[in-house]
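A.B. asks: Chains A and B, in that order, give the protein sequences. Here the working numbering is used: the first sequence runs in plain steps of one and ends on residue 67. Here the working numbering is used: the second sequence runs in plain steps of one and ends on residue 739.
Ranges of calculated distance between the beta carbons of each label pair, as one might list FRET restraints:
1. B:Asp668 to A:Met32: 33 to 39 angstroms
2. B:Arg519 to A:Leu31: 38 to 44 angstroms
3. B:Gly647 to A:Met32: 48 to 54 angstroms
4. A:Lys30 to B:Lys734: 56 to 62 angstroms
Covered, in the sense of this in silico footprint (three residues per stretch, anywhere, with C-beta under 8 angstroms from a C-beta of chain A), are these stretches of chain B:
5. 329 to 339
6. 352 to 358
FYI, nobody ran anything at the bench for these hints, they're computed from the structure. Ideal Cβ positions, reconstructed from N, Cα and C, are used throughout, including at glycine.
Listed below, chain by chain, are the residues.
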Amino acid sequence: MVRSPIVGTFYESPSPGSPPFVKPGDTIATGQVLCIVEAMKLMNEIESDVAGELVKRLVANGQPIEYGQELFAVRPRK
Amino acid sequence: MFKKILIANRGEIALRIICACKELGIRTVAIYSEADRNSLHVRFADEAICIGPPQLAQSYLNIPGVISAAEIANADAIHPGYGLLSENANFAEVCETSGLKFIGPSPDLIRLMGEKEKARAAMKRHGVPILPGSDGVIASEEEAAEWGRQVGYPVIIKASAGGGGRGMRIVRGEQELAALYRQAQQEAAAAFGNGDLYMEKYVEHPRHIEFQILGDEHGNVISLGERECSIQRRHQKLLEESPSLQVSAELRAQIGEVLGKTLSSVGYQNAGTIEFLMDQEKRLYFIEMNTRIQVEHPVTEMVTDVDLVKSQIMIAGGAKLKDVLQGPVVHRGHAIECRINAEHPEKFTPSAGKITAFHPPGGTGVRIDTAAYAEGVIPPYYDSLIAKLVVRGKDRNEACQRMSRALGMFIVEGIYTTIPLHRRILSDPDFLAGNFDTGFIERFLEKKKAEPAA
Chain A
-10 MVRSPIVGTF
0 YESPSPGSPP
10 FVKPGDTIAT
20 GQVLCIVEAM
30 KLMNEIESDV
40 AGELVKRLVA
50 NGQPIEYGQE
60 LFAVRPRK
Chain B
286 MFKKILIANR
296 GEIALRIICA
306 CKELGIRTVA
316 IYSEADRNSL
326 HVRFADEAIC
336 IGPPQLAQSY
346 LNIPGVISAA
356 EIANADAIHP
366 GYGLLSENAN
376 FAEVCETSGL
386 KFIGPSPDLI
396 RLMGEKEKAR
406 AAMKRHGVPI
416 LPGSDGVIAS
426 EEEAAEWGRQ
436 VGYPVIIKAS
446 AGGGGRGMRI
456 VRGEQELAAL
466 YRQAQQEAAA
476 AFGNGDLYME
486 KYVEHPRHIE
496 FQILGDEHGN
506 VISLGERECS
516 IQRRHQKLLE
526 ESPSLQVSAE
536 LRAQIGEVLG
546 KTLSSVGYQN
556 AGTIEFLMDQ
566 EKRLYFIEMN
576 TRIQVEHPVT
586 EMVTDVDLVK
596 SQIMIAGGAK
606 LKDVLQGPVV
616 HRGHAIECRI
626 NAEHPEKFTP
636 SAGKITAFHP
646 PGGTGVRIDT
656 AAYAEGVIPP
666 YYDSLIAKLV
676 VRGKDRNEAC
686 QRMSRALGMF
696 IVEGIYTTIP
706 LHRRILSDPD
716 FLAGNFDTGF
726 IERFLEKKKA
736 EPAA
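Let's have the full structure, built from the sequences with the hints guiding it.
C.D. replies: Okay, here's the thing in structure tokens:
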């Protein structure tokens, strides 16, 4: 489970209209940018702390999120 | 008037602010750390946002986290409570630039009163009595010695950026000055990042008396009278009352008037408290100003019937004092507050953990401000205040009897509390007679140690 380390607004892509960073089914690496959380007009890139298969996204684009909120479910793989 | 206020605090004061907002029909947003997930302030707010892990620096003191929470919740204003970010001028500024109303005075005034030596100078200029002392920050040991000769020993050296007893040294004679000056400077630099010092005459056996003020955003400032806060242990207040037995009606009126004029002159807005020391000749001397609502504000509320937190919110919304107060402030009766801490009543060691039974007292003239509850957990990360027991009586005698009665009916099990200590204070003959100064608790605890075990 990838959780948000900050409070802010969730964005799935680097800018409005561009494709999302990741989608379900993708293989992701540790340190890969999964999304952006905007706080106080600053765009913070959120990196994955696990490697594996992205199973599910748990929040909607533009949704306000709190500290510790569940963002993505990842099935870990070595 | 605001539609939504974010409360940048926790515990009993967060709940207190929520109460005021509810009564004003304003929506509330609580912020909480992971350790406070099951807190009452989270339960009773309309919305709640988790902003970090238990540690203060990463949660309640994390300015970007707090502001971000206010943004995603669309809050109009932030109430900072007491402690935490309430006297952080930088935070007040960030609120302003983020389009959020900070419920308190301006950042400049927070800054002015935060530099103790500058606050002293500002008060002196307006005729508020201050202790004889240095004219500003002391530049060197030689200058300190000069001031010492002028002011007359004993003197106290204090940190300009300080508080809480750190960076302070009492000097009783010129021969010890140099060493103590250096110690104070080092301590101040380490604790506050600023080694600036100033000097004041040291008052023996002082009483601590503070005045509550309210200022609107139209230049009107009024004093709501004093609180007597001499019952302290290591500069932490344990018990407060109003009125003070030492303050005559004339003194109250005189100080009230000079404070009203002074604070209006400097443009002070919202709530604030001016702290004084009183010497054995009943003269008051300004020591510092706190630019926020204080822990012991209920004491003033009980004797004046003014809701200070609601007043803060209304003032921040632009209301004039006369509409907030709706008539002259009348003092009636006598109020006492006991701060109940989650600490061992004799060792004062902190006692975190689960409360297994919680029955607060009730009845005529009794008020409890608390965020504790049965089956609730007191986390170890924050200060130990768990409840404020406040009583009002028609005079001091009745207030003391009522407080004794209420303390005896306050049941808290599962953790240690200082309730037994307060019960002993309320039966102490010197306390009951009004014979006390800021040294009372030390002497009281010494007396207790000397007593043979029951």
